[in-house]
Amino acid sequence: MGLLSKKDAALIKDPLTDNNPITIQVLGICSALAITAELEASIVMSVAVLFVMGSGNLIISLMRNIIPSKIRIIVQLIVVATLVIIVDLVLKAFAYELSKTLSVFVGLIITNCIIMGRFEAFALANGPWRSFLDGIGNAAGYALILIIVGFFRELLGAGTLLGIPVLGNPIPGELSGVYKYGYENNGFMLLAPMALITVGIIIWIQRSRNKELIED
Amino acid sequence: MGLKSNLHKLKEKYKDTKMAPAFNAIHTFLYLPNETAHNGTHIKVADDLKRTMNTVIMALIPCLIFGMFNAGYQHYLALGEIQRVSGGFFSSEFWTMANFTVGFWKILPLIIVSYVVGLGIEILFATIKKHEVEEGYLVTGMLVPLIVPIDIPLWMLAVAVIFGVVIGKEVFGGTGMNILNPALTIRAFLFFAYPTWMSGDKVWVTGAVERTNEIVAGAKLDVISGETILGSLAQGKEFAYSTWDMFLGFVPGSVGETSTLLILLGGLFLIFTKIGSWRIMLSATLGALAMGLIFNGVVNAGWIGEGSKFYSLMTTPYWHHLLIGGFAFGAVYMATDPVTASQTNKGKWIYGFLIGFISIMIRVFNPAYPEGVMLAILLMNVFAPTIDHYVVQGNVKKRLKRLKVKTT
Chain D
5 MGLLSKKDAA LIKDPLTDNN PITIQVLGIC SALAITAELE ASIVMSVAVL FVMGSGNLII
65 SLMRNIIPSK IRIIVQLIVV ATLVIIVDLV LKAFAYELSK TLSVFVGLII TNCIIMGRFE
125 AFALANGPWR SFLDGIGNAA GYALILIIVG FFRELLGAGT LLGIPVLGNP IPGELSGVYK
185 YGYENNGFML LAPMALITVG IIIWIQRSRN KELIED
Chain F
526 MGLKSNLHKL KEKYKDTKMA PAFNAIHTFL YLPNETAHNG THIKVADDLK RTMNTVIMAL
586 IPCLIFGMFN AGYQHYLALG EIQRVSGGFF SSEFWTMANF TVGFWKILPL IIVSYVVGLG
646 IEILFATIKK HEVEEGYLVT GMLVPLIVPI DIPLWMLAVA VIFGVVIGKE VFGGTGMNIL
706 NPALTIRAFL FFAYPTWMSG DKVWVTGAVE RTNEIVAGAK LDVISGETIL GSLAQGKEFA
766 YSTWDMFLGF VPGSVGETST LLILLGGLFL IFTKIGSWRI MLSATLGALA MGLIFNGVVN
826 AGWIGEGSKF YSLMTTPYWH HLLIGGFAFG AVYMATDPVT ASQTNKGKWI YGFLIGFISI
886 MIRVFNPAYP EGVMLAILLM NVFAPTIDHY VVQGNVKKRL KRLKVKTT
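Those protein sequence lines, which keep their order, are chains D and F.
The opening position of the first sequence corresponds to residue 5 in the working numbering, with each subsequent residue numbered one higher.
The opening position of the second sequence corresponds to residue 526 in the working numbering, with each subsequent residue numbered one higher.
In case anyone wonders, no lab produced these hints; they're calculated from the structure.
Only a predicted model underlies this, so the values are computations on that prediction, with no experimental measurement involved.
It is possible that some hints are incorrect.
Said to hold, decoys possible - Under the rule of at most 25 Å between Cα atoms (straight-line distance), these lysine-lysine pairs were calculated in the PhoX-like manner:
| # | chain 1 | residue 1 | chain 2 | residue 2 |
| --- | --- | --- | --- | --- |
| 1 | F | Lys654 | F | Lys543 |
| 2 | F | Lys655 | D | Lys215 |
| 3 | F | Lys543 | F | Lys575 |
| 4 | F | Lys655 | F | Lys536 |
| 5 | D | Lys184 | F | Lys631 |
| 6 | D | Lys215 | F | Lys534 |
| 7 | F | Lys540 | F | Lys654 |
| 8 | F | Lys655 | F | Lys575 |
| 9 | D | Lys215 | F | Lys654 |
| 10 | F | Lys923 | F | Lys871 |
| 11 | F | Lys655 | F | Lys540 |
| 12 | F | Lys534 | F | Lys575 |
Given these sequences and hints, build the entire structure.
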């Protein structure tokens with residue numbers, strides 16, 4: 005690794021695999037269930053969290069020596085809230101329809117456990133560069149799961165990807181693609197329980213590939 | 526060289542290999558094992574898992590046969606080729622070869638898909654986990670074809686069976702460890718995934734969907750349809766079935782659930798063989814009656830006017846609820862599943878009563894889910910361990926009190 009030292013690279017790599025915030029720490033589940041019915045919403049949510057976590061971790065890390073520890077939670081909240089409002093306003097300005105789909109869940113990034121968790125556990129005790137990498141790494145781990153879940157839910161639930169029909173035309177009378185052979189979209193995939201089950205299946209696959217992750 | 530000795534040879538050959546459970550399963554499914562215990566003291570009981578499962582399947586056979594005849598009867602009735610049965614249960618207009626043939630060729634593929642896919646998954650998991658294949662799927666495999674609409678596409682059934690067996694059972698540790706009834710998990714999956722195939726007036730009569738597609742494609746034919754009684758009630762429509770039809774089962778519905786009479790006989794058989802719990806069956810009936818009486822009472826008291834969308838379901842005589850829809854089937858064959866029901870006797874009363882109570886509540890209050898009994902049983906499956914916990918704790922407390930009285 006030319007750009008990053010081995011230790012720094014681990015900050016990015018671990019959350020993507022063996023220390024994934026969703027599948028291993030089981031944090032940030034609410035939004036993973038709520039907005040993954042469409043791939044586009046998952047991607048936008050991922051980018052939003054990536055921005056909030058990267059810059060949030062950086063800011064907290066820069067301020068870590070001047071934050072009085074008694075009121076640190078309030079300070080952290082103010083930082084996240086500011087960043088989330090920026091994201092929210094940008095979405096409203098440039099992607100109004102999408103911001104309606106995501107509705108309150110952009111605002112609820114504030115309560116995403118992963119963000120507060122990384123502020124507390126990492127940014128308060130580490131330098132800005134490493135904190136920034138840690139934020140990016142964890143957000144990327146979150147994004148990875150969101151995008152996988154969003155991909156399968158939209159593909160199997162609606163037969164589209166990013167709104168583009170990939171499996172053919174399901175309208176009766178003008179059937180095409182796989183629908184001609186009697187295939188039908190699985191409406192259950194669009195409901196929240198199936199998102200939970202999809203996350204569960206990812207956890208299952210991950211742990212059966214790496215037995216060390218199984219805890220009793 | 527019979528099949529048995531061949532199987533035995535194969536079993537010996539693949540002993541201690543990965544494939545062993547697969548051969549063992551097929552062998553014990555078809556034949557009694559050769560091996561018996563040789564020494565020591567043994568308590569011999571014939572009621573092993575296989576025997577229990579087979580008893581339930583025997584209790585299901587009448588429903589299955591009736592379902593085959595009924596499928597053909599509903600088909601020809603909708604086509605207008607035959608008249609409504611008028612002569613009671615043994616009426617020769619119903620038990621015709623033509624009716625049976627239609628039903629047989631529609632239902633046989635459902636049974637085959639259900640068993641092949643389900644047992645395939647069981648064998649796969651047994652091979653991965655390196656344990657013997659359990660007989661858990663025998664009953665589920667027979668229940669599944671009986672609780673789905675007759676025209677369900679086979680691939681949907683296969684997908685649902687895979688989901689039900691893997692997510693409903695295997696992830697919890699296989700037979701005996703599941704929280705939810707696998708057959709109902711399969712039905713619930715179908716219900717939420719492919720709602721157009723699980724409700725409406727086209728799916729209960731075989732051929733109706735095909736006919737609709739032909740009409741869309743331009744054929745000049747009459748639409749055939751058949752709404753279930755619950756479906757008609759939910760939409761406030763009239764239906765033309767007498768109470769007697771409902772009891773005997775000459776109505777559209779899922780394959781095996783229509784004949785309350787045969788379900789009742791199956792239930793008595795299960796009680797007689799001590800496989801099914803009479804407490805659960807009885808308390809579920811009481812629960813349903815109680816909820817039905819409450820609804821009738823609400824209407825009689827004048828709290829609900831004719832304008833309400835619940836009116837037609839609420840005014841249904843309370844005991845009709847036992848005859849229509851899948852309530853009887855659910856209460857007799859599904860709620861009594863020993864793995865997912867409550868284990869304690871007091872718990873069984875509570876569990877059964879709430880199943881009946883909630884079934885009718887869902888049925889009336891949410892016309893989008895006409896089959897409340899499925900959701901009610903799944904819900905109570907989740908609560909069954911909690912009920913047991915409190916029953917056991919209550920008993921412990923009572924005994925502790927007695928102990929204290931004695932010691933002081």
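Violated hints - listed by number, lowest first:
Those not satisfied come down to hint 6.
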